[in-house]
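Chemist: Next come the chains, spelled out residue by residue.
There are 2 protein chains.
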Amino acid sequence: MTSAEMSASVQLADRALWAKGGAISYLMQQGIENPQCLSLAAGFVDASTLPVDLVRNATDRLLAENIRGRAFLQYGTTGGAERARRAVLEHFATQEGKAVADLGVDLSRVILTNGSQQFLSLVAQVLLNPGDICLVAAPTYFVFLGTIAGVGAKAITVETDTNGMRPDALDAKLDELDAVGLGDRVKLIYLVSNFENPSGYVLAAERRERIVEIAKRRSTSHRIHVLEDSAYRELRYEGDDPPSVWGCDPDGEHVIYTQTFSKSFSPGLRVGFGIAPTELVAPIASRKGNEDFGSAHLNQHIIASVLADGSYYEHVNEVCESYRRKRDAMVAAAREYFSDIDGVSWVEPRGGLYVWMTLPEHFDTSFDSRLFEIATQKELVMYVPGELCYGGEPAERPRNHMRLSYGVLSPDEITEGIRRLANAIRSL
Amino acid sequence: MTSAEMSASVQLADRALWAKGGAISYLMQQGIENPQCLSLAAGFVDASTLPVDLVRNATDRLLAENIRGRAFLQYGTTGGAERARRAVLEHFATQEGKAVADLGVDLSRVILTNGSQQFLSLVAQVLLNPGDICLVAAPTYFVFLGTIAGVGAKAITVETDTNGMRPDALDAKLDELDAVGLGDRVKLIYLVSNFENPSGYVLAAERRERIVEIAKRRSTSHRIHVLEDSAYRELRYEGDDPPSVWGCDPDGEHVIYTQTFSKSFSPGLRVGFGIAPTELVAPIASRKGNEDFGSAHLNQHIIASVLADGSYYEHVNEVCESYRRKRDAMVAAAREYFSDIDGVSWVEPRGGLYVWMTLPEHFDTSFDSRLFEIATQKELVMYVPGELCYGGEPAERPRNHMRLSYGVLSPDEITEGIRRLANAIRSL
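Chain order of the listed sequences is F and E.
24 is the number of the first residue of the first sequence in this note's numbering; add one for each residue after it.
24 is the number of the first residue of the second sequence in this note's numbering; add one for each residue after it.
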């Protein structure tokens, strides 16, 4: 055997070349490996809110009796345990302000996944061919942008303001795509409806109706689905929960809904769920059958238990109390340290985990920028470069934004992190 | 809006059309929904072996202290928690009969997944383009056949005997594919090295060496990887563990290894692992980043805990004791009820969970056969049609085999199941 043969090169599939999972993995790794850096980057949840006692007690109860306990350590089904799906559907109904019977959702349409991320990924795989288009807000959840790229599809941005994606701009973008012969490639409209990651925007109620109406009206050659990602729905610190986008589609044919227990309860359990239109249930289940044929069964039952006994809801109230204080700390610190820096502005969110900050246009916040270097190496503070949160061509993405999370740090650390960040910016 | 617009048809991605996750989901569902049917079909593990006390105790210890416990309920990293990867690598080294230091495996090459199935799926996605070829034994693990089809690739069978895939047949198949211009499409050789699901075959030690040598020698235009699925390695009831296929590739460049804790411990925790060649680590992690950015963190630490305190190994011994008795019951029942049916033969496995049974060629065991109907509807016993376990064109797949699992039933139920199955066959 010659050495040339020994080292025959690895030939990756197209999909591996498209994958852009790097940003989230890089950030998560950074967050864990650099405890000395104050992380305004990690989308991790507040450690002090993690429900250690609730999970231990739920597990103890589930596994108290040998015979009954075994069932939870066995395989479940691909779409999730019936008891857990039922509990999740009741939870969803509660949020919708309806009785389960009035939702018109068969239990088979509820699919439990490894966090909502796996559900998002399954939807992308089931609906998007290479070259297909998913319309997204600007900015939007950067991990899903990676997922879209990872199946070879394109994320195209729609003009967005503080009330979320603009319906008129959506219609105009669809016209524009039609005009260049790409209208047929639009398969999906992705909306983070509440406290969008990273912007904190809530999609206005009236826009929810209009976007669903547009998706239906423009579904001429094929159905255009709307994917509502409501990951932050329960992390609301003031005001009322508007009706979901899903609720604007009474037939349940156009809107796909997903939500997670990672932010409100525990990401370490990795339980999320989706509610799929009937025609997508089998394709999503088949794809999940190929990938892992079911998420961790025990973890589904832990979630079902805390939903059933109500301890979940008490916990969510505590979590919201804690995040409200931290949101307040970040907003106060931003006012204190950034008010005198010309041209800096930020969104003061009513929920979620993020403050979206805009610097003057000549600033560059990207990974390879001077600012990122000074922030992480000298000031020891980390943020998520806003550039990551935009679809479209790299050259067209604004580079003067930052996503600042108040998730992991204490109020004092948040204040200090913002102070450091202001220092880094001032030094330029 | 017209009703035509309302019902614009759903347009699925190619990948959704390729997905064949249905068989496993269908079978799992059947197993759960038809408790009155004795299931010789389910690959579920024996409920009586499930480690209720061990998991409860491990969870209690992990979550005993509030501060320490929080870490396990937080996000982990995409590839898995460092402590858990280290424990898994030590576990792997133990099986290889080596010290960790002598394995030459950097911890980053150990990737924790939702069972080994997710690792198999990630490898398929990272290496196989639509139209690419994965060479497989005949028969082989049917869920992975679905995964291959799900990425649009082709599973092509290589002649197999009771010692596993034949190296001479592998070489001949590669020649045959070269001759028709398809040699360049071969990216992967898939081997279930120990107690293959469904056949129970162990790949002979000398063949392991030869197959790795062939993969290296034929890696001319690109690297041909060997994917070793060792899911049943620890379920050995007699004899010695042969060196792994992975061990036949000292450079670690050609063989990808995967194993699971689902069969030996608990499928409900959904923890498996893979050891990837260095050049595949980043692509696999990126793809996992797109799909779920990490498996359940708590569950990884439960596995790490039972590996560390040795309770895992005691448990595996008990599991093997239990399965040995059940294997014996199935083999004895087969001898009792099938010996007088002409032309029926079966493999008596030394490990794993399955007996592979062959009926005379004129019998048809498929889902839509008269036999399957009589078995499930009249005799109330279920098996997996052998047809599912073959790659290649549907018309060419043998239809006269059955996979019989002794996983879930008690010895008495196994005996009764085999009796019912013999009745069903005799009635034809």
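Check the hints yourself; a few may be wrong.
What the hints assert, rightly or not - Pairs of lysine to any residue residues, derived as SDA-like cross-links and limited to a Cα-Cα distance of at most 20 angstroms, are as follows: (1) Lys-121/E - Asn-80/F; (2) Lys-177/E - Gln-34/F; (3) Lys-177/F - Lys-177/E.
Stated by the list, open to error - Far from chain E, some chain F residues (derived; all Cβ distances over 10 angstroms): (4) Asp-83; (5) Gly-99; (6) Gly-173; (7) Thr-183; (8) Asp-191; (9) Ala-192; (10) Gly-206; (11) Ile-364; (12) Ser-392.
If you're looking for bench data, these hints aren't it; they were derived computationally from the structure.
Predicted, not measured: the structure shown is a model, and the values here were computed from it.
Just so it is clear, CB atoms sit at the ideal spot from N, CA and C, and this is done for glycine as well.
Chemist: Now tell me, hint by hint, if it's right for this structure.
Modeler: Going down the list of hints, with the structure as the test:
1. Lys-121/E - Asn-80/F: Violated - the C-alpha atoms of Asn-80/F and Lys-121/E are around 40 angstroms apart, more than 20 angstroms.
2. Lys-177/E - Gln-34/F: Given pair Lys-177/E, Gln-34/F holds - Cα atoms ~17 angstroms apart, limit 20 angstroms.
3. Lys-177/F - Lys-177/E: violated (27 angstroms)
4. Asp-83: violated (6 angstroms)
5. Gly-99: Not fine: 7 angstroms to the nearest Cβ puts Gly-99/F too close to chain E.
6. Gly-173: Its Cβ does come within 10 angstroms of chain E, the nearest being 4 angstroms, so this is violated.
7. Thr-183: At about 23 angstroms from chain E, Thr-183/F clears the 10 angstroms cut-off, so the statement holds.
8. Asp-191: At about 19 angstroms from chain E, Asp-191/F clears the 10 angstroms cut-off, so the statement holds.
9. Ala-192: holds (21 angstroms)
10. Gly-206: Nearest chain E Cβ is 13 angstroms from Gly-206/F, so the label holds.
11. Ile-364: Non-interface label stands for Ile-364/F: nearest chain E Cβ at 32 angstroms, farther than 10 angstroms.
12. Ser-392: holds (23 angstroms)
Taken one by one, the earlier hints fail for this structure at numbers 1, 3, 4, 5 and 6, listed in ascending order.
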